[in-house]
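There are 4 protein chains.
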Amino acid sequence: MASNSFGSIFRITTWGESHGKAIGVTIDGCPAGLAISEEEIREALVRRRPGNNSYTSPRKEEDKAEILSGVFQGKTTGAPISILIANKDVDSSSYEPIKDLLRPGHANFTYLEKYGIFDYRGGGRSSGRETACRVAAGAVAKKLLEFYGIETIAYLKQIGKISTTSPSFSNMEQLRRDVYTSPLFCPDEMTAKQMMAYLQEILEEGDSIGGVVEFVATNLPVGLGDPIYDKLSATLAKAMMSLPATKAFEIGSGFAACMMKGSEHNDEFSKEGDQITMKTNHSGGVLGGISTGLPLVGRVGFKPPSSIKKMQKTVTTTGEETTFSLSETARHDPTVAIRAAPVVEAMLSLVLADAILMQKSAKL
Amino acid sequence: MASNSFGSIFRITTWGESHGKAIGVTIDGCPAGLAISEEEIREALVRRRPGNNSYTSPRKEEDKAEILSGVFQGKTTGAPISILIANKDVDSSSYEPIKDLLRPGHANFTYLEKYGIFDYRGGGRSSGRETACRVAAGAVAKKLLEFYGIETIAYLKQIGKISTTSPSFSNMEQLRRDVYTSPLFCPDEMTAKQMMAYLQEILEEGDSIGGVVEFVATNLPVGLGDPIYDKLSATLAKAMMSLPATKAFEIGSGFAACMMKGSEHNDEFSKEGDQITMKTNHSGGVLGGISTGLPLVGRVGFKPPSSIKKMQKTVTTTGEETTFSLSETARHDPTVAIRAAPVVEAMLSLVLADAILMQKSAKL
Amino acid sequence: MASNSFGSIFRITTWGESHGKAIGVTIDGCPAGLAISEEEIREALVRRRPGNNSYTSPRKEEDKAEILSGVFQGKTTGAPISILIANKDVDSSSYEPIKDLLRPGHANFTYLEKYGIFDYRGGGRSSGRETACRVAAGAVAKKLLEFYGIETIAYLKQIGKISTTSPSFSNMEQLRRDVYTSPLFCPDEMTAKQMMAYLQEILEEGDSIGGVVEFVATNLPVGLGDPIYDKLSATLAKAMMSLPATKAFEIGSGFAACMMKGSEHNDEFSKEGDQITMKTNHSGGVLGGISTGLPLVGRVGFKPPSSIKKMQKTVTTTGEETTFSLSETARHDPTVAIRAAPVVEAMLSLVLADAILMQKSAKL
Amino acid sequence: MASNSFGSIFRITTWGESHGKAIGVTIDGCPAGLAISEEEIREALVRRRPGNNSYTSPRKEEDKAEILSGVFQGKTTGAPISILIANKDVDSSSYEPIKDLLRPGHANFTYLEKYGIFDYRGGGRSSGRETACRVAAGAVAKKLLEFYGIETIAYLKQIGKISTTSPSFSNMEQLRRDVYTSPLFCPDEMTAKQMMAYLQEILEEGDSIGGVVEFVATNLPVGLGDPIYDKLSATLAKAMMSLPATKAFEIGSGFAACMMKGSEHNDEFSKEGDQITMKTNHSGGVLGGISTGLPLVGRVGFKPPSSIKKMQKTVTTTGEETTFSLSETARHDPTVAIRAAPVVEAMLSLVLADAILMQKSAKL
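Chains as they are written, first to last, in this note's numbering: chain A, 1 to 364; chain B, 1 to 364; chain C, 1 to 364; chain D, 1 to 364.
Same shape as in the complex, but just chain A (with noise of 0.2 Å):
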């Protein structure tokens, strides 16, 4: 059960509304002697909201993270490590006139339905802000990660029709630096270029537009992930489409793999140095749900924002007809796909700090 939980050893907890007092997040079963500061938690966080362009809306939040349990003298004990996110930059007051009024693509809908409550301050549950939560939660499992010589990143990979070719994974720390400094967090600075361009025209549009993240680790092990249900590519199916406005999960080929034939699709062994390896990488690091050493690469299909400036046609809750748009001077994200980028960095590590420590009790 236990629906705001997330990883089998390696296990999060979030809690905490977009407007309440502060968000947090619980960290079970993190190994003892894990050296981790809150400065890099802050780092995590700070990627997660820009600023530094035009095209995402950050709260101006500090975000500081505070470390309340769990580490001492600068190193994980075993505990549980509770981290807390003060909510600062909080104004309600634009909420109280709309929380009778249904808004297309928004959740409010649903979660009145289901629980006949709805903190509607700020989407309160539903709001994007709980993934301030897996951000700080995913640099400690990325630390974790570093200890066993793993890289994570994710990045920019299509908004619109906008597209760029996957980068090259051979050198990681070229491609971080290249990702962190792009102010979409695409490695590609010449797609980057069109994309803010195109995001111009749709914010001046007053609408919103979809978009691709692609993630990749590398330098896994071979073995990680269980054979059944709990593949790799299953935990990270579900870790993925855990996120605020997902539509669409795939994993190495993906859905152009329904399209190819065996014989193009297999990636055929062979043997480099000592290590057997493929030459190849349609899988996309997994096969039959375990990683095979070879880079694990996926992607994460973003629907456009629900909330835009162009008028929509709705009801209220108690069913009556009526219209909403965004006003003039509201935050509006033309993408989610630029700020879920750090974000599916986080689930990623997650999923695999949890599946190298499911590992170790694999055999004998």
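Simulated from the structure, these hints should not be mistaken for laboratory data. There may be inaccurate statements among the hints.
Identical copies carry no separate label here, and so any pair may be met within one copy or between two of them.
[Unchecked claim] Mimicking DSS-like on lysine-lysine, the simulated pairs with C-alpha atoms at most 27 Å apart in a straight line are:
hint, residue 1, residue 2
1, K261, K99
2, K360, K75
3, K360, K310
4, K99, K309
5, K88, K21
6, K88, K64
7, K161, K310
8, K313, K88
9, K75, K261
10, K271, K261
11, K279, K261
12, K363, K143
Given chain A, put chains B, C and D in place with the hints provided.
Chains B, C and D in isolation, oriented as in the chain A frame:
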């Protein structure tokens, strides 16, 4: 943990290898008082093993499901339901010569690395045979859904580049008839014919091809699924991506949403009679991870089967270069997407049965 | 996994060390629509920290519980409820000199071996301070039980060899008054006086003493608890034995049953009005692990507190022989059984709240 | 959820009714590479079904355990291990006439209320027969413990008022021999004789009697068990209290600790060779819920069996007054504590196997 289990309250655990004595599933958490018979399970199993076309290569198992516990006087008792399916059509001799050979696209490489031992006979635990257990359990889940008036079905949507448009969901009885009577589980007879011709070509080439299965559930209550990590869409993604040979999953508009604008994608709310509803269903029946009451629609992408008759390069477990192809007389499925349809239907039913039981404690 | 969580549907996760910034608990799975206030939680916390007698040595914390999420306009929303309790009365200086000393009866030895690192300040995670989080969560569980008309209470039954007979459960309001107004949580005033005199002796000796807490829940429906591994009695046993300093648990007749004959022990069924019931209650309200509707009664045995003012031999973490005793002025609880009573009550409430929610899916 | 499962990583799921076709268990999470045979499981099952004395009334089952999956070439593969035990000595005719009668001390009352349906044949799911599955799984767990050099055993300690002192744990091989060759699983031959005479009396009275089983595990590493809710002592308590007919559990000094002073109870640390250890073991091998490396010792209290030949008053399911006694020729166990010993040993082994696997991710 427990990587061979799926579900929270309505929870299944499967066991068994392709060429072991038997395979089976235990269902824990099915409410007492549900009428279920071995015949109903057998019927579902028969669908998974079509045999009524030349594009699937079923074992000649009778696939008789034996209910060993949890049912008394024709009804569930609340005790765990154990279902056993004997393995009869088993000849492991053809696997002996290739046991030290890494077959491209197969999981023997990753299993061997992970566990240090691999039951290679018929693919062992990695075989698609395990999905018979999912179908058996899915038949019980479907009975529970029937009690709540919910319908579920899955059908072939695409083979290679040949694709159908989605059928109408207004007459589910008709749709079920169209799907179940099609040798390809494809409700569109015209497209099915094209697909058959194409599959014939593929077979003659000794090759294989990928495909897409679409699923739908209708008459859902509003409110199924949990907001954060157990979103209905996330749990479905995990369920589907846990099937062998899957590479992609989408819900509603899926990857197409990435190229849509908010003004196109948002489903406007309206009132029909006493009911609040939406005129379009880009969301695919889920908002914020919770069911909207509209049809729950999604798609699963399958890669081409790895076992083909074309010659492929590979290496042995000790790294020696060699080649591999299926023998001319071997079993050979040109696509996995046909026989996957009833399994997708089963997984959909299992996810929904669990969501309905979880929903019971959402509010006072 | 997740060793810092308890419960299935109504599930708590606690975090925090004795001398960290704060401790806290997240409740996941509480139904929406339940009225709960910070004041109600504070009242329960105050009981755990009596201060109204000389036999408990509470920290001078105000123990203000702050609800950070999951409650909106005074009611639960279905989102996780995060409760934070700041640590204010914290002075770790006295722990510094003894950090490399293994204290007899203390957990620093096992923590250090297990994790390789130990937050020794105030006992860190091993401190009884964690139970404040259980009491806070228990207050929410009690509100849910109230909704179903169920009463729970726990009281001091024995200190050393001084023991009371069980009180009557026919007037729970009276019993609650007697317990809550007793400085020892002992409903029998005469025995309480004897206990106090004895505790005074123990204090003067600089020693400590063990004790027994009894718990009862009344007005339970028949049917709570699950037949095999989640028997109500088994889950209660785990709940109680997870408390610090516990050595024993019994339900109903307990160890006394080992000396009874079947003809004495069996509770005969009879009919009272429309109700099938039993005249005796040796079973303690549980048959086959499932509640009978009669009072659920059991007992928890606590060892004497380890920290005493008498001198004891021990060794340091590096194995050097030394001695240890609490300083004359140190905090010193002569027994843990008094302040344990409200915590036992909280655990009982948590177990029952969860059992009630699980019960909702037992039959169609 | 999943009330028919036990364990986190090494996790069992049992199924089956006393008079169904078969009972069985699936072990998920056993590491690959462990040698296990059907014969080893059969041996454990034979112990549970002594037949070598007149004080247990075993079914005349051969209790042949069939391993249906998860073992290949004599070793575990990491796949779930399914073990099936057929029910052969089954005659349900004697249960037909009493199916509407509430038997004192039996669970048919609570099952019927909970589920609205009850498989009354042989007690159905509530029968002690389920424990054969625990013993089968326990045999696999014991093999894993052997790999780590850990020994586990359980023995009869008390029947009615006749009790033995605890044996020495310094020679486990000798202790095992003494226990396994005793018809009562009692290592003290003199006391066993007294017990036998007493059981004869009880049998002649047509009555039954309670008893206590003690368990011990030796050669444990320091560090097993988790600090808060999954304390080794708490998990053991749940394991033991999940057995039929249990009323009480204690670890180490148990309830006796409630009458001890801290100066008596604390185990002083000392150094033996390179090892830090304790000279006494009141803690029973657990401090703060984590193993100390000393023998893990505890006791389980069983009530007298409910089925006796003395006449008892009761009512029918519709509330009509009647009486009930076992027929003169019926199976009749004078105590459950004898045959419970191998089951307690199995549960102890299961808890420790799981704790060892969980321990693997405690620190970097």
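Point to revise | Hint check, failures only | key: 3, 8, 9
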